[in-house]
Amino acid sequence: MKKHYRILEYALSSLLRRKYKNLALFFIYTLIVCLLSSVMFLTHSLKQEAINVFIDAPELIVQRLLGGRHDLIPLSYVDTIKSFPGVATVTPRFWGYYYDSLTGGNYTVMALTSNASLNLITGRMPEEGECAVGKGVAQARQLDINDALFFTLASEQKLMLKVVGIFTANSSVLTNDLVIFDKNDVIRFFALDKAKATDLMVKINNESEIATVANKIKRTLPDTRPITRSEILRTYENVFNWRGGMALVLFCGALLAFFIFAWDKATGLSAEERQEIGILKAIGWETSDVLTLKFWESTVISFTSFLTGVILGYIHVFEFGGTIFVPILKGWSILFPPFDPMPYIDLYQIVVIFFLTVVPYLASTIIPSWKAAIADPDTIMRT
Amino acid sequence: MVRIEGISKVYNTGLPDEMLAITDVSLEIGRGEMVVLKGPSGSGKTTLLGIIGCMVRPTQGKVVINDKDVVKLPERFLTQIRRKTFGFIFQHFNLIPGISVRENVCLPLYPTNIPHAVMKDRVQAVLKSLEIHHKINTEVTRLSGGEKQRVAIARALINDPEMLLADEPTAHLDSKLSEDLIVILRRLSAEGKTIIIASHDTIVYDKPYLNRIVEMRHGKVIDVVLREPLPAIQ
Chain A
1 MKKHYRILEY ALSSLLRRKY KNLALFFIYT LIVCLLSSVM FLTHSLKQEA INVFIDAPEL
61 IVQRLLGGRH DLIPLSYVDT IKSFPGVATV TPRFWGYYYD SLTGGNYTVM ALTSNASLNL
121 ITGRMPEEGE CAVGKGVAQA RQLDINDALF FTLASEQKLM LKVVGIFTAN SSVLTNDLVI
181 FDKNDVIRFF ALDKAKATDL MVKINNESEI ATVANKIKRT LPDTRPITRS EILRTYENVF
241 NWRGGMALVL FCGALLAFFI FAWDKATGLS AEERQEIGIL KAIGWETSDV LTLKFWESTV
301 ISFTSFLTGV ILGYIHVFEF GGTIFVPILK GWSILFPPFD PMPYIDLYQI VVIFFLTVVP
361 YLASTIIPSW KAAIADPDTI MRT
Chain B
1001 MVRIEGISKV YNTGLPDEML AITDVSLEIG RGEMVVLKGP SGSGKTTLLG IIGCMVRPTQ
1061 GKVVINDKDV VKLPERFLTQ IRRKTFGFIF QHFNLIPGIS VRENVCLPLY PTNIPHAVMK
1121 DRVQAVLKSL EIHHKINTEV TRLSGGEKQR VAIARALIND PEMLLADEPT AHLDSKLSED
1181 LIVILRRLSA EGKTIIIASH DTIVYDKPYL NRIVEMRHGK VIDVVLREPL PAIQ
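Heads up: the sequence lines are chains A and B, in that order. What the first sequence shows, in our numbering, is residues 1 to 383, in sequence order. What the second sequence shows, in our numbering, is residues 1001 to 1234, in sequence order.
Treat the hints with caution; some may be incorrect.
To be verified - Which chain B residues stay away from chain A? Per the calculated CB distances, all over 12 Å, these:
1) Glu1005
2) Lys1009
3) Val1064
4) Glu1075
5) Ile1136
6) His1200
7) Tyr1205
What the hints assert, rightly or not - Subject to a maximum C-alpha distance of 25 Å in a straight line, what follows is the list of computed BS3-like cross-link-like pairs (lysine-lysine):
8) Lys1084(B) / Lys1068(B)
9) Lys1135(B) / Lys19(A)
10) Lys1084(B) / Lys3(A)
11) Lys1176(B) / Lys1135(B)
12) Lys371(A) / Lys1207(B)
13) Lys1176(B) / Lys2(A)
14) Lys1207(B) / Lys1176(B)
15) Lys3(A) / Lys1120(B)
16) Lys218(A) / Lys194(A)
17) Lys216(A) / Lys158(A)
18) Lys1072(B) / Lys1128(B)
19) Lys2(A) / Lys1084(B)
20) Lys1072(B) / Lys1062(B)
21) Lys371(A) / Lys82(A)
22) Lys216(A) / Lys82(A)
23) Lys1084(B) / Lys1072(B)
To be verified - Which stretches of chain A does chain B cover? Using the computed rule of at least three CB atoms under 8 Å from a CB of chain B, they are:
24) 208–214
25) 279–291
Hints are computed from structural coordinates only; laboratory data are not their basis. Keep in mind that this is a model prediction, so the values were computed, not measured. All C-beta atoms in this analysis are idealised placements derived from N, C-alpha and C, irrespective of residue type, glycine included.
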């Protein structure tokens, strides 16, 4: 035990001896671990967002297509669809996008529906002349309860609504750009035809019949386009997979940089390091003692860099919203208001990063030392 | 104590730069002797010293240390022999830069389980005997050449070895410091240590108290002068 303690002590003093080199090593190592862990945290968080969005998605949405373009759907379709066996409820939805020139963000303006799983942080849901905003919108516009929110209508007129509630949702994607109005306000806001809705949300009694009901709707009302939850999920998956792919490219880049860095270490010891191993062996250190020394040196460097890198990666993603990767990993619709990834951490991810960084580094430093240490001291010092 | 029979050493065997360092060298050194391996640069002194000290493995021949043939021993046994039997004083001191005199001297003891207090006492004692204890906390690159040499000797002595091997110990010292070093080595010899010095410096090999002068040229022993040395200094 005393022996190991002394070798550890000497390892620390060795690291301090080459402090500039080791600081540079620590900095590069930490940076790479930070990049790797940021990418992992962010992609995992985005996937979790997708799952949460999916939880809130309706089982079936019916839109109307006119000449291949999305159009408003007549409310008369509600009764037709309701008459199909297996359909529990049909709820018209009134919504649209609004570009806020003040903040440069796109908001989703929606009439309050019963199925939205929104958690009010403060206040209540709106009535006519009022609105509730997502946390992200409230932060972007610096809104609080009872504040007035102005919107510019298509007719250039201003619409003033009183903020009566601020909410969050399971998914911050929903929280960030959503503004809830009373139904009449939405109709007025988008100048909608009172006999039409944006789309219809259909609830089916038996989930296994969703596809059958969707087919029946399409056959009966040929100008409609039923979209099932699984199709929505697929769309989200495609979007997130594409982003995940971009993340993978970044991840591979960072990993490649790490392996180049590790290879550089592995290709040999410096003359100074070889000389030191030779001296240690000449004065009575065994090969195992030299390896213990190198193991401690590498462990101190790799563990401190790993921990610092992971912590910095966490702070980068969950405190600063993944500033470096956000433009690549997120879509236009959620670029603004700011999207804050929810901190979802998986131990598996940490273990993967550990095995991708610490293990190769330890191997790349110990193997050349072992190759040097098994030779005669004279041979080590000569080469 | 040391018996060498028909030793040869070839470096870089089979390569274009293959070099025969020593050829068919036989030698016997008794306990407590003070021996000088004398000869010009490239004569094979350092290689022979390395072979005696189990730092270089000979290509051919037999090396018997304390009645044990060490040539075929695995590296870990050679390490133990190096630790227990030999203390090395290198030509360029080979101190580890960036750490103190104390740490450099303690280095051979780190991989042992010697208690800290014993280690501390030993370092103090050995540095005091070499009159360098006042520099115990000094970083070694701040020392003069003579001081570095004393620290190198202290490190070689810390394990209380039976034999001290010194490779060109006066190469980086002026004549005054060289004389001081010889006095130290002579004192150690008087204390019963076997001392083997590889040197081409007359200050070293012209001394009357040497037991044996082994002259080497082109990797061969060309002459061995045996002497009845003067009484050791007290």
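Here's how the hints hold up against the structure:
1. Glu1005: It holds; Glu1005(B) is separated from chain A by about 20 Å at its closest Cβ, greater than 12 Å.
2. Lys1009: violated (10 Å)
3. Val1064: holds (18 Å)
4. Glu1075: violated (6 Å)
5. Ile1136: Per Cβ check, Ile1136(B) is outside 12 Å of chain A; nearest 15 Å; holds.
6. His1200: holds (19 Å)
7. Tyr1205: holds (23 Å)
8. Lys1084(B) / Lys1068(B): It holds: about 14 Å lies between the C-alpha atoms, which stays within 25 Å.
9. Lys1135(B) / Lys19(A): holds (24 Å)
10. Lys1084(B) / Lys3(A): This hinted pair holds, its Cα atoms lying about 17 Å apart.
11. Lys1176(B) / Lys1135(B): holds (20 Å)
12. Lys371(A) / Lys1207(B): Outside the cut-off at roughly 43 Å; violated.
13. Lys1176(B) / Lys2(A): violated (41 Å)
14. Lys1207(B) / Lys1176(B): holds (15 Å)
15. Lys3(A) / Lys1120(B): holds (15 Å)
16. Lys218(A) / Lys194(A): holds (24 Å)
17. Lys216(A) / Lys158(A): violated (43 Å)
18. Lys1072(B) / Lys1128(B): Violated. Lys1072(B) to Lys1128(B) sits at ~39 Å, over the 25 Å cutoff.
19. Lys2(A) / Lys1084(B): holds (19 Å)
20. Lys1072(B) / Lys1062(B): holds (9 Å)
21. Lys371(A) / Lys82(A): violated (78 Å)
22. Lys216(A) / Lys82(A): holds (12 Å)
23. Lys1084(B) / Lys1072(B): holds (18 Å)
24. 208–214: Violated: only 0 residues of the region 208–214 of chain A have a Cβ under 8 Å from chain B.
25. 279–291: With 11 residues close enough to chain B, the hint holds.
When the structure is compared with the earlier hints, violations turn up for hints 2, 4, 12, 13, 17, 18, 21, 24 and for no others.
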